[in-house]
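**Student:** Given next are the chains, with one letter for each unit.
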Amino acid sequence: MSIEYRFAVNVLPKPGILDPQGRAVEGSLAHLAIEGVTAVRVGRRVELTVAADDEGAARTVVEQLARELLSNPLIEAFGLELLGATSSTTSATGAGR
Amino acid sequence: MSIEYRFAVNVLPKPGILDPQGRAVEGSLAHLAIEGVTAVRVGRRVELTVAADDEGAARTVVEQLARELLSNPLIEAFGLELLGATSSTTSATGAGR
Amino acid sequence: MSVRVGVVVFPGSNCDRDTTHALALAGAEPVELWHEAADLRGVAGVILPGGFAYGDYLRAGVIARFSPVMRAVAAFAADGGLVLGICNGFQVLAEAGLVPGALLRNRGLRFLGRDVRIAVEQPATPFTHLAGPRRPLRMPVAHGEGCFFADAATLDELEANGRVLFRYVRDDGATAAEVDDPANPNGSLRAIAGVRNAAGNVAGLMPHPERASEGILGSDDGFGLIRSFVDSAAAADRGSRTLEVAGR
Amino acid sequence: MTMVERSAESPAAAPPLHRALGITDHELAAIRARLGRDPNDVELAMFSVMWSEHCSYKSSKPLLRTLPTGSAADGVVAGPGENAGVISIGDGLAVAFKIESHNHPSAVEPYQGAATGVGGILRDIFTMGARPIAVLDALRFGDPSDTRTRHLVDGVVRGVGGYGNCVGVPTVGGELVFDPSYQGNPLVNVMAIGLLEERLLTLAQAPGPGNLVILFGSATGRDGIGGASVLASATFTHDDPSKRPSVQVGDPFAEKLLIEASLELIERGLVEGLQDLGAAGITCATSETADRAGTGMAIDLDAVPRREPGMAAFEVLISESQERMLAVVRPEREADVREVCARWGIPCATIGTVTGDGDIAVTEAGHEIVRIPAAALTSDAIVLQHLAAPPARRRPAPAPGAPDAGASDRLPERGMDPGAVLTALLGSPALASRRPVFEQYDSTVQVNTVVGPGHGAAVLRVKGTTKALVATTDANAPVGAIDPWLGAALSVAEATRNVSMTGARPLGVTNCLNYGDPTRPEAFWQLSEAVRGLGDACRALGLPVTGGNVSLNNESPAGAILPTPEIGVVGLLDDVEGLVGPAFAADDDAVLLVGEASPGLAGSEYARLAGGAAEDGPPPLDLDRERRVQAFAREAAGRGLTASMQDVSGGGLAVALAESAMWGGRGATLRIAVAHSPAVDLFGESPSRIVVTAQPRHAAALQLLARQFGLPVETLGVVGGDRLVIELHGAGATGAVEERGSRVADPIDIAVADLAHTWEHGLARALDWEAPAAAPEGR
Ligand SMILES: Nc1ncnc2c1ncn2[C@@H]1O[C@H](COP(=O)(O)OP(=O)(O)O)[C@@H](O)[C@H]1O
Ligand SMILES: [Mg+2]
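Chains as they are written, first to last, in numbering that gives the first Met the number 0: chain A, 0 to 96; chain B, 0 to 96; chain C, 0 to 247; chain D, 0 to 778.
Worth flagging that the hints you see were computed from the coordinates, not collected in a lab.
Just so we're clear, the structure is a prediction, and the values are computed from it rather than from any experiment.
Honestly, I wouldn't trust all of these hints.
[What the hints assert, rightly or not] Chain B side only, calculated, beta carbon under 10 Å to chain C, not exhaustive:
(1) D18
(2) P19
(3) Q20
(4) R43
(5) S70
(6) L79
(7) L82
(8) G83
[To be verified] Which bits of chain C does chain B cover? Going by a derived footprint, with three or more residues having C-beta under 8 Å, they are:
(9) 44–53
(10) 97–107
All residues carry an ideal CB built from backbone N, CA and C; glycine is no exception.
Make a model of the complete structure from these sequences and hints.
**Tutor:** Here is the structure:
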């Protein structure tokens, strides 16, 4: 019986890589009358459930996915976050939010 | 003297909202020979630094930003993550990655 | 004297000149409304043009929503002024809550630029009363985030109250399906291509009538919508704020 | 003590800096000769990017000098050497156009590579004072069934669209070609077209010592450090991390603001000269503008706005950060320039002054760290002489990637079913509809698009006039692989013919020469033959070459690409009402073929489909006949005799007829005389042939006109019905019965709707994209 792990993959532009979205957000802060916000970086967050025998195995799968599909290693870096685990085979959708 | 807090805002489609990107990821799992991955949701992650007197004040700013700009309450839900804090006024860019 | 119609210019707007061009053809005097000015310069109607305001970064239309001009546009709309958002302009209006719903990424996850056909659902509105006899109307779409979304209750309410202005249809006029129907280019719920607010004076649509306003461009089916707006703005200018006008 | 000297002292250590930067010992000697001393490290870095193939044209410059560049009499307002060619179109207006490659960046990062390719070529256009009005993308990839190819196609197409759509310039045409030779080295060539008032023409010059040098646009980061020298000039290998400098990321939103601000600066007469920052960044922009004006510049590096802390001087000087411009401004206008930039939300900094000493001098923290004569970096850069040698074996080779054994026997001449061949061709990745690609582009923004992508050349009306501009790109690489002179000449012939088919007069030619490693004698021979072919064709057709781009070292470990002479043409239609299209227009119209087939199947799509090249070589090109065919087409269109015109190109006459039928939504009943063999007459790609349809009452006049131009003309049949029916007759249609069977070739008889279905779905099937969503017909 496998365990269902809910992971989040956070993908952000690598340091030094231009982030036009982050710049646009910074540029709009004045309109929102928000002060003191800097260094905005905009990336992606992908949450997913993976069924595996143990956390290590689950992590391996998520890492492969993050590397090959969810991020572009030339310009983006990713990090993983374990959000929760359930031993049943029912869906863990939304866990960790 | 204010403290710099590094926050992440995670924005994801609300349950029940169309998420074609999540479906597209699920659809390409077979090509990668990845099994056991389900319930993929694709959202946004924004990391930013905010200078404030204390964490509560910082959180208020980030929450306003998340509510008004970074997410659309009709279709998206957000969560905040405190990534770190530095008491100097030097940049906290990249903290928490 | 021709009626003054405002065209908002956000940084990144790229259909402002096209809209100005079509308005001039329709006999209006186009007036540029700069995003940083909260002054509508006495115009009788406002068009939010297509493009990529603020690069459409984050979400299409969201950053533009906070520009000073939008405060003025919201006040103008609240006062009954005529406002039309085309493509990116529709996205801005939706983000600003001036029209219902949200525009999500196209279901195919690709930008789509092609001709579509739309049916005019409400022929007797300030935005459609001169749409002309041709049905359905053919005009281009060009967007990556045009999938109209609202919850089921809102959709029902929009339909019940005649707030759906345009729908994507097939060549024969039949309403397009939500999924896997090339006639619905973005997978919009209930094939909705354009809506208006409850008061009826603010509308948005994804297709580009200004790009189908001259025969030389392959279709002038959109010109009737431009003319409707100009005519209604002129009527408003004359002091008549009648929003529902008789069909032709 | 410089790094160079250090290396000389310790030869056992790492290779000397200059070599690591891609500078040969010979080049280092040439640098010393120009400076009269050793360069320091920063100067060496500047030379390394400026003397790269990409910036210096050190291998191709002598060849390019042989091209006809036209004169004021041809309407040429600006020619090669400027950012884009500019040709007058009357009414005080002029058109600017240029094509450029972004091949290697796109191989590394397809989305950003293609996106920044679009951004770069657009800057070349608006730098001259022209508003960009159109983009065309010419793309070449490997096998479409390969996963990596699919990844590249997807990324490049998204990148072109992601940038062009956002800046609001319609993408109205281009090409998509698959050939195994591009597997490791895709080609991304982008052409941009702009429209300007001639009086606003602005040059990339830095006149007037004392004028200010102002940098505006995005801040400078570490983007593409070494990109120009390494990415664009060294042979590309996937696995060498040292050759993977940081990728440039494009910001089309910033570019859109840059367009508006730049055009406003020019319109208000605030700049004396304007130059975009592309490869080699500040180094290139300062030295080129100074050298063109015979001036120098003093640059204060500390004044350059940066995106990242801790950047080294050389990084700031050669950074390829996108969306930046350099303006030369009179001191009294500085405030106005700043005001314009501020209104568009664009950072702007005065980084130096124009000087009279001819040197690029750079100071940092008050110390002079660079002093190089501007000419040494640009006009007086090194020129290399390479050996050119044709390959030993010049017999037409099998098509690359094809099994070569018994190639000619594989051609299905015998007992072939022409209908099946036609269907296969129309559904092939080479000829199927490109709709799945160009639908990802905004092709109608700016409301000028009369004819967008999909059916031959693009047509853009010029607002405020009756005129229209007609544009296309073309390259014949397969023939170029067999005979590079012919490949280039054919490319010019086909591109200009596409323009002439609309009734328009070609104005000029821009080109992007994609070739291999110039130090290989065969590759250099291919390049020099191509330049000769380009020049010969343009002279024969009376057209100036107004600019272009050379991309060398297009090789991967698997080998060199097919040499690819990409040609971009812009033409002028005086009255857009006279526009002629390629689609069959009305039932009962007469169908005529002007020109005649000549034998030769090598390099054709038919040969590719058959799995090998014919032994008979490619068909010949008669440039004088080509000129007459195009002149005839314009004359016929001008007199209003034609209902449609379509040239015969990829897939031959049968495909040309099928396209006209599909696009017009009507069939035809035709008889074709087979003079050679059914394959040659139906599917051969010999040039200088066009299909013309006309109302029956004009048919005789057209025939007469063709004869006046000395052109063979033949009536093929009439338009009508919903099937394409082509019967073959003549000596070649029967042949030797015992060898070929009783019926050599059955007639083609296919429903037009079936042809269209095959054609519309071929590309999505080849790429495994979801079924293309067919758009409403019309337009
Ligand atoms: N990558 C592309 N982007 C935009 N349009 C394209 C692209 N590839 C092909 N097209 C368009 O598809 C049509 C067919 O291309 P092609 O066969 O090269 O044209 P032609 O035979 O007229 O030279 C042309 O209208 C061309 O502009
Ligand atoms: Mg072609």
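**Student:** Next, verify each hint and record whether it holds.
**Tutor:** Against the structure, the hints:
Satisfaction of the interface hint for D18 (chain B) is found here, the shortest Cβ-Cβ separation to chain C being roughly 9 Å, below the 10 Å cut-off. The closest approach between the C-beta of P19 (chain B) and any C-beta of chain C is roughly 5 Å, which is under the 10 Å cut-off, so the hint is satisfied. Look at Q20 (chain B): its Cβ gets to within about 6 Å of chain C, closer than 10 Å, so that hint holds up. Annotation: interface hint on R43 (chain B) holds; nearest CB of chain C at approximately 8 Å, less than 10 Å.
The interface hint given for S70 (chain B) is met, as the beta carbon of that residue sits about 9 Å from the closest beta carbon of chain C, less than 10 Å. For the restraint placing L79 (chain B) at the interface with chain C, the shortest Cβ-Cβ distance is roughly 17 Å, beyond the 10 Å limit, so the hint is violated. Interface hint at L82 (chain B): violated, since its Cβ lies 20 Å from the closest Cβ of chain C, which is beyond the 10 Å cut-off. Taking 10 Å as the C-beta contact cut-off toward chain C, the hint placing G83 (chain B) at the interface is violated, the least distance being around 24 Å.
Closer than 8 Å: that is the beta-carbon criterion, and the region 44–53 of chain C has 0 residues meeting it against chain B, so the requirement of 3 is violated. Here the region 97–107 of chain C counts 7 residues with a CB under 8 Å from a CB of chain B, which clears the bar of 3, and the coverage holds.
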